[in-house]
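Chemist: Let the sequences and hints guide you as you build the complete structure.
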Amino acid sequence: MLFWPIYGLSKRYSKRYKFDIPSKPRNPFRRSLHVFVIDAGSDVELLLEFYSLMSPKYNIHRYGIFFVNTPRHADLLIILSKPTEKMLPIVKEAINQMPEPFGVLLIENETFENGVDIDLPNLVGRLKGNLEAEEIFKKLVEIAKRGLIC
Amino acid sequence: MLAFVLAIIFFLLGMVFSFNRTISYSFGVLGAISAVVLGFEGYKDGFYHQWDIYNNVSLGINIDKVSSFFIIIAYICFALMAFYSIDFGKLFKKSMAFLMNFLMLSMLIVFCAADFISFLIAFKFVTIILFFSILERPNTQKEGYIFLAFSEVSYALLFVGFAVVIASNGLFLFKAGYNNVLFAVFAFLGFVMKMDGVPTHIWVPLVYPKAPSNIAAILSVPLTLIGAYGVFRVLVLSDNYSYVLGILAIIIGSISAFWGALQAARETHLKTLPAYSTIENNGMILTAVGLSALAKYSHLTVLSKFSYLTALIIIIAHSLSKTTMFLTIGHAKEMLGRDSIDDVRGILKHISKPAGIGLLISGLSFSAVPPLVGFVAEWMLLESLFQSYKFSDFLLKFIITFAGILIALAMGLSSFSMKKLVGFSDLGELNFELKRFKDFTMKWAENILSFLIITSGVLSFLIIKYLGYEEFLDGLLGVPKPTLIVSSRPIFGVISPFMFFIVVGFFLISLLIILKAQNKNVKTTIPWVGGLPLKENEVYNTRGYSFIVEYVLRGIYRTKELRTSVETYDISNAIYDFLVRFFKRLSAIVSNIIMNGYLHYYIIYIIAIFVIALIVFKL
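Line by line, the protein sequences are chains A and B. Numbers in this note's numbering are just positions in the first sequence, counted from 1, shifted up by 3. Numbers in this note's numbering are just positions in the second sequence, counted from 1, shifted up by 457.
Simulated from the structure, these hints should not be mistaken for laboratory data. Heads up, a few of these hints could be off.
With beta-carbon atoms standing in for the labels, derived distance ranges [said to hold, decoys possible]:
#1 A:T73 with B:G932: 54 to 62 Å
#2 A:E103 with B:Q598: 39 to 47 Å
#3 B:I959 with A:K95: 46 to 54 Å
#4 B:V996 with A:N125: 28 to 36 Å
#5 A:S35 with B:I959: 34 to 42 Å
#6 A:Y10 with B:G962: 39 to 47 Å
#7 B:T858 with A:Y10: 51 to 59 Å
#8 A:W7 with B:N978: 43 to 51 Å
#9 B:V979 with A:W7: 28 to 36 Å
#10 A:Y10 with B:I966: 47 to 55 Å
#11 A:T73 with B:V979: 15 to 23 Å
Using N, Cα and C, we set each Cβ at its ideal position, and we do this for glycine too.
Modeler: Spelled out as structure tokens, the structure:
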């Protein structure tokens, strides 16, 4: 057995680090997806469905999907419903604050339409219809799997 | 001499034409330029003339090296202030043009006077004119009277000093006060008070914010230059007492510098911060002058000369930078109509480029950023204080080292406060609506002043050469001959702002080109508060910036943390607050005892006075 500092130093300097360089560029969000949600005028039905994603039943953290408090930390911006006129500048500011690259997921209301149509940049998905939490969950996992390179 | 007459004629014409502000201020500019020419003439040749009027009473004009230096500096600033006022003055009454020309005339006589009579008369005029100029802005009576009170005390001290000389040898000339101890002490204290030495500085932060900006610039630069001029004169005249006066100057100067910088570090008002900075700079001038006197007393000729030169360079730095600062701040303040640094933001982007750049450059100069003139001045001051080991007297060594510590602290704190002023007001985004007015001459005055600050720093070796101190210029290693400033012989420390400018200028330009070529995408966004625009209290403000010093030095500042704000206090006000309370109490007691409304008290009082008068006059 070697004296411990010499053991440590020899280990430190004799260790060879191996890097496997992939032929394709890696998906930067392969491991996790940080999501910022903005409620731009959704109905209660959609809200209830969406926020049940955070319940233990789905446990989305195990898929590496996390909810963050500011668009500056997020990879994906989820907009619940088309933005109403009052929410429009706030949605625009949120998009402005997203770090690049980012994606936008729009989930529309089913029952009523009072939002404005805007051109969303980097739109990675669009959901509409009688949604259940599971469908949104599937979509999120899909996005996290395939990455956000758009 | 022609320039002297021309200057007086121009100022008089300016006073006559005060019904038209543009013409009046233009004459003011011409007069100031003539005065600058007079200064340059006087520095080369000197001029003395004396008129004997009656017995010993004689009036005289004396333009020697000291007075011409002060005339040059004060009137360069005056010329630019008058030029600035062509547009700025339209915001105020016509009487301001009259007052400004009158002020320039009286101050010229103050700097040229060789006798007490014309000096005191002109000095009185300066005080009265400034009092009325402060009143140009409405609701400033209180501040005007505070200014007047402190000016009168310093005037009284000077009056006593001069009276001592007249009583002792019957002569009315300055040179008659040679080696007169009472004259030296009284005049010295009077002039130091004019330089806002601690603890007589408390009127400064009260009056400057209320006065119009061009008047604040006059209060800060030419008025305190009178004090500096007087201190120079008194120290030259009192050879035998230069030991005491020198020590006094160093102690008052270093404490003023430290105290001014300390108070500026906590200040959040747009014009009070430069006001405290004025106190700091005047303290530095006083320290340099005192050191020069002490070195002369101890027969250290080289150090004496160097610290004298230091005082001159600090005067140049202070005058140019402080004028720029007050004029640019006035520009922003009048456009926005706001007083606090937090309210005035985005000068560079929204108000005007020259004002923003002028404020930036003057702030950098006060923070001693090379190669600006403020850097040269502060380096020279520290360099001369470092040479305290040359003194053989232990007391002097101790005092100068201690002063060096205070001055170094003051310099650090001053750059802290300047960063606050420039960073918050120059950059950032505007919160309020602008009130646009014509500001052509204001912009050009600011441009010229910024240019002067940079050139006087880069070409400081030329200034030193012109002032006649070539022995402190040298060449070393790759630096060519006259561009290197040395602080002593044999060489103690060296600096070359000129070479610094060339080398760093080259590197800066190449760095800029490289950065430009990289073409990075930079996105700037506001803080995320739910996507809403920021409210006033959500922005990082000056109070937050200076809270760290306020908390660390809570013993000195008497920091009180309230629910939504922080309160601090300048403890040098405590003396005056105590006096105010004492006299209020005293007057209450007197009124209770004597004037309490009972008739028999009055009758006893009258009878007593009557009896005393009878006894006194009978005897």
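Chemist: All the hints need checking, so say for each whether the structure fits it.
Modeler: Hint check:
no. : hint                           : result
1   : A:T73 with B:G932: 54 to 62 Å  : holds (58 Å)
2   : A:E103 with B:Q598: 39 to 47 Å : violated (60 Å)
3   : B:I959 with A:K95: 46 to 54 Å  : holds (48 Å)
4   : B:V996 with A:N125: 28 to 36 Å : holds (31 Å)
5   : A:S35 with B:I959: 34 to 42 Å  : violated (53 Å)
6   : A:Y10 with B:G962: 39 to 47 Å  : violated (55 Å)
7   : B:T858 with A:Y10: 51 to 59 Å  : holds (54 Å)
8   : A:W7 with B:N978: 43 to 51 Å   : holds (49 Å)
9   : B:V979 with A:W7: 28 to 36 Å   : violated (49 Å)
10  : A:Y10 with B:I966: 47 to 55 Å  : holds (54 Å)
11  : A:T73 with B:V979: 15 to 23 Å  : holds (19 Å)
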